[in-house]
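Protein chains in written order, with our numbering: chain A, 17 to 322; chain B, 17 to 354.
Simulated from the structure, these hints should not be mistaken for lab results. From a predicted model like this one, the values you see are computed outputs, not experimental measurements. A hint or two may mislead.
To be verified - Pairs of lysine-lysine, DSS-like flavour, derived with a Cα cap of 25 Å:
id: 1; chain 1: B; residue 1: 67; chain 2: B; residue 2: 42
id: 2; chain 1: B; residue 1: 291; chain 2: B; residue 2: 244
id: 3; chain 1: B; residue 1: 340; chain 2: A; residue 2: 137
id: 4; chain 1: B; residue 1: 98; chain 2: A; residue 2: 74
id: 5; chain 1: B; residue 1: 340; chain 2: B; residue 2: 350
id: 6; chain 1: B; residue 1: 348; chain 2: A; residue 2: 278
id: 7; chain 1: B; residue 1: 130; chain 2: B; residue 2: 58
id: 8; chain 1: B; residue 1: 42; chain 2: B; residue 2: 58
id: 9; chain 1: B; residue 1: 344; chain 2: A; residue 2: 278
id: 10; chain 1: B; residue 1: 191; chain 2: B; residue 2: 98
id: 11; chain 1: A; residue 1: 137; chain 2: A; residue 2: 74
id: 12; chain 1: A; residue 1: 137; chain 2: A; residue 2: 298
id: 13; chain 1: A; residue 1: 278; chain 2: B; residue 2: 340
id: 14; chain 1: B; residue 1: 340; chain 2: B; residue 2: 244
id: 15; chain 1: B; residue 1: 291; chain 2: B; residue 2: 344
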Amino acid sequence: MIPETTRTTENSGHGDISTGVAGPSGSGDSNASATRITPGNALRPEDIALEVRTGLAKPSEEVAEYALRLGDDALILAQRLGHWISRAPELEEDVALGNIALDQLGHARSFLSYAGGAWGKSEDDLAYFRREHEFRSVQLFEQPNGDFAVTIARQFIVSYYQFELYRRLTESTDATLAAIAAKAVKEVDYHRDHSAQWILRLAGGTEESRRRMIHGLRLMWPYVNELFQDDELTQRLAEAGAAVAPSSLREDFDRLSGEVLKEAELEVPDVPAAPGGGRHGKHSEHLGYILAEMQVLAREHPGASW
Amino acid sequence: MAAQNLQSVPAELSPEELSAEEAAGKANFDRVMAEDSRIEPKDWMPAPYRKTLLRQISQHAHSEIIGMQPEANWISRAPSLKRKAILMAKVQDEAGHGLYLYSAAETLGQTRDKMMEDLIAGKARYSSIFNYPALTWADMGAIGWLVDGAAICNQVPLCRASYGPYGRAMVRICKEESFHQRQGFEILLELSNGTPEQKQMAQDAVNRWYAPSLMMFGPPDDDSPNSKQSMAWNIKRFSNDELRSRFVGMMVEQVRVLGLTLPDDQIRYNEDTKKWEHGPLDWHEFQEVLAGRGPCNSQRLERRRQAHDDGAWVREAASAYADKQRAKQSMKTKEYAA
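Okay, chain B solo, but in the shape it has when bound:
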């Protein structure tokens, strides 16, 4: 769902440290960057570029997988069978997104098993938004509308990311995310036009998810040291604040249709900068949640760990079975040859 904030990027090697082959590869890489075209898995790429992408794509995959949990929490209690079906399909889509993204990350040279291990060990990050609890049915609406909405703002530009497998995965993911956002909007619209209790439930959910969703774009530009490099590599196209401002502008329009309000009385359009502005965000809270001190960090990781541990015997069985089948097959081949 959420594109990740980039972590520290090691310094690039100097040209004299590169071999001739690498120099040709680097020339190709520089040309691709200049032409704004695509790097593919077999192309040479600078180690920090690979590392940055691997981190970003795997964090994105982890976010999809952890992000299944707050919504899966409501599958069993969905208040109509149609909503239950839509929610199941949505959470299933997220598993699918995780799968594409892990596959894209694997093209950079790391196995899915290793990425999963890092996630479970608490070494890898995922979008901190999923460390907030989904308390009521209206949260299914607010997550779809605000969280998926913010994710789309982040991800549409990633469809043009310079790394081919990532960009292509994002195209498909964005199509599905836009469905997700619409279903979230529809849930809120229905609640807003429902009973007073339902409307209150919707407003309460919007109030709780608004600020965390704005923080999904990452820290303010003057506090986001890696954004510049990522933009130079044509991975990131717009700054955190730019995307956040666009998102606020979209939400301001849509919240009126919903008949609800955003919990921020400082939203305004700045005619000079031509940008939407919003009230202050609690970046201390953001850092706390990122550091593992959010409302659900421990719960989310434990759930993933448990699913992984409980499933270990199944994965072992599947792989033992495959080995046995291969052995049988090679026996047959040998018999045939003899």
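Just chain A, with the same shape it has in the complex:
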């Protein structure tokens, strides 16, 4: 792996959140751009699909199930975030949210291309031709965008969770998962910075923005618990060193997201947790609409190439 990756993954802090500039112990170079670092070294979904097709990489059934989970999370979030493009509060946010959506879509494509290797399916077979109960994303990712504060609340939780997950997944014994995570963690570091900056601004901006930020966090927080639930699959894979046990991320997530909330003078919302179940195909009412829209054209022309 390239040195930047190592630098990112060795650290668990998040720099100086009040300025958005990563400090010496922070995880990322504030002058660096994710897109500038990666060309040449970037692992593209097409590369993974090629490795899968040529038999260079083939996930076990269980690793594929795990990759499907992470891929579905990223795909559903990309679909949600894509809606903001041309609707954001500022043009700069059209670009920023578009970037985050693109990063998530890239991660989704990589994970799904890899997962599909176990079942002879392509990323598109998995994205477009599965039904609601076959999706393995947790429910946080399918929550509606709401207003900008709701979107930021969701993104804040997601990026602090994904950063801890991918940081550890770079050590996976599964080389493909480790490689996807190594690329993703650098990008998610920027997502973390983006959402933390907005948490501070909205919480410390006007009365209205503070009220909306608190509301957004309260709306999203019931879905936090599900992110950290272990099950038999993650237990077995974590023991084998291929996956990360979700429960092992909780402490760092609480600590680091808590630091941002504290700086923003916000409380961790005291709301009942939703039962979740997305990893086993139990979803909210929202997912059906997301899939109906996402899949409609592909399903009108099954077998067609685009």
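Fit chain B to the given chain A structure using the hints.
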């Protein structure tokens, strides 16, 4: 995307009305025009030159921003994940183009907020092509191939525009636009070689976008009174009809590779004039759309207005936060000084 048609240009001041400083500035301006070099933001420039550029650049910026909508319309339904990624990146590029162009326009003395206000109030124009609906996935191909293709024909000469910030913004924009055009061509090629339904979808989209894209070059030369002044100022380099003719020539070649046809049986190469000719265009429709009576005028503006209004509290929060941070900073500085 589209370079704009110039509106009426006020008459220039006579030399005796200019002060000595202005006279020196004017001499510099005239020299720059004669040498075909560049005017920069701090240089003196005639008020009508400034006004013309401000209008053209801001209209161009508005076109990028409104132009995001017909394509954003298909992000959620893109039929493969790769196409979804490409489309997202493309629409994101357009937001970026809007940002460069608003910045270039700001160097002429108007704020982005004011330009945005004018757009939302319906006082500013944007390219009328974006008032047509993007009905099928093939429209993503046709918009890329025809609309971005026409934009490139218009914009490549603008890279040499006499106003520095505009010309430089256009260099970067043109590079990205050429990617956009290629991806549009590729979408159509894939559809054309796909199922009969896909091919029909592609042909239908080309049929609908062909004439509007030809009209992007603006009215015929004999009906484009401001072009002459704009050419004298080295902003515009070629006439509307000249650019349109070149564009038709390029499309005639490319449509063959696509295995599709252009909905115009009067396209021919005129050996005498050495120019491509095309069938008649419906300029009445063009004027109607320009006047706000197009298929999507109201929808496009309303969407922009809504995004702007919905985002007001966010912008207010960001600016209140920045004020508070500045106040804190100056308190710290004072404490330190004491």
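Hint consistency between residue 340(B) and residue 350(B) [alpha-carbon to alpha-carbon, up to 25 Å] | holds, 15 Å
Does residue 278(A) lie within 25 Å of residue 344(B) when you go C-alpha to C-alpha?
-> Between residue 344(B) and residue 278(A) the Cα gap is close to 18 Å, so the pair holds against 25 Å.
Does residue 98(B) pair with residue 74(A) here, judged by a C-alpha cut-off of 25 Å?
-> Holds - the C-alpha atoms of residue 74(A) and residue 98(B) are around 21 Å apart, at most 25 Å.
Does the structure keep residue 278(A) and residue 340(B) at a Cα separation of 25 Å or less?
-> Satisfied, since the Cα-Cα distance of roughly 17 Å is no more than 25 Å.
Is it true that the CA of residue 67(B) sits at most 25 Å from the CA of residue 42(B)?
-> holds, 16 Å
Is residue 291(B) close enough to residue 244(B), meaning Cα to Cα at most 25 Å?
-> Holds: residue 291(B) and residue 244(B) sit about 20 Å apart, inside 25 Å.
Could you grab the alpha-carbon distance between residue 137(A) and residue 74(A) and see if it respects the 25 Å cut-off?
-> holds, 12 Å
Take a quick look at whether residue 291(B) and residue 344(B) sit within 25 Å of each other, Cα to Cα.
-> Not satisfied, since the Cα-Cα distance of roughly 66 Å exceeds 25 Å.
Does residue 278(A) lie within 25 Å of residue 348(B) when you go C-alpha to C-alpha?
-> holds, 21 Å
Take a quick look at whether residue 137(A) and residue 298(A) sit within 25 Å of each other, Cα to Cα.
-> holds, 23 Å
Distance restraint between residue 340(B) and residue 244(B), which requires alpha-carbon spacing of 25 Å or less = Not OK: residue 340(B) and residue 244(B) at ~51 Å, beyond 25 Å, violated.
Between residue 191(B) and residue 98(B), is the straight-line Cα distance small enough, at 25 Å or below?
-> holds, 21 Å
In the structure shown, a violation is registered for the earlier hints numbered 3, 14 and 15, in ascending order.
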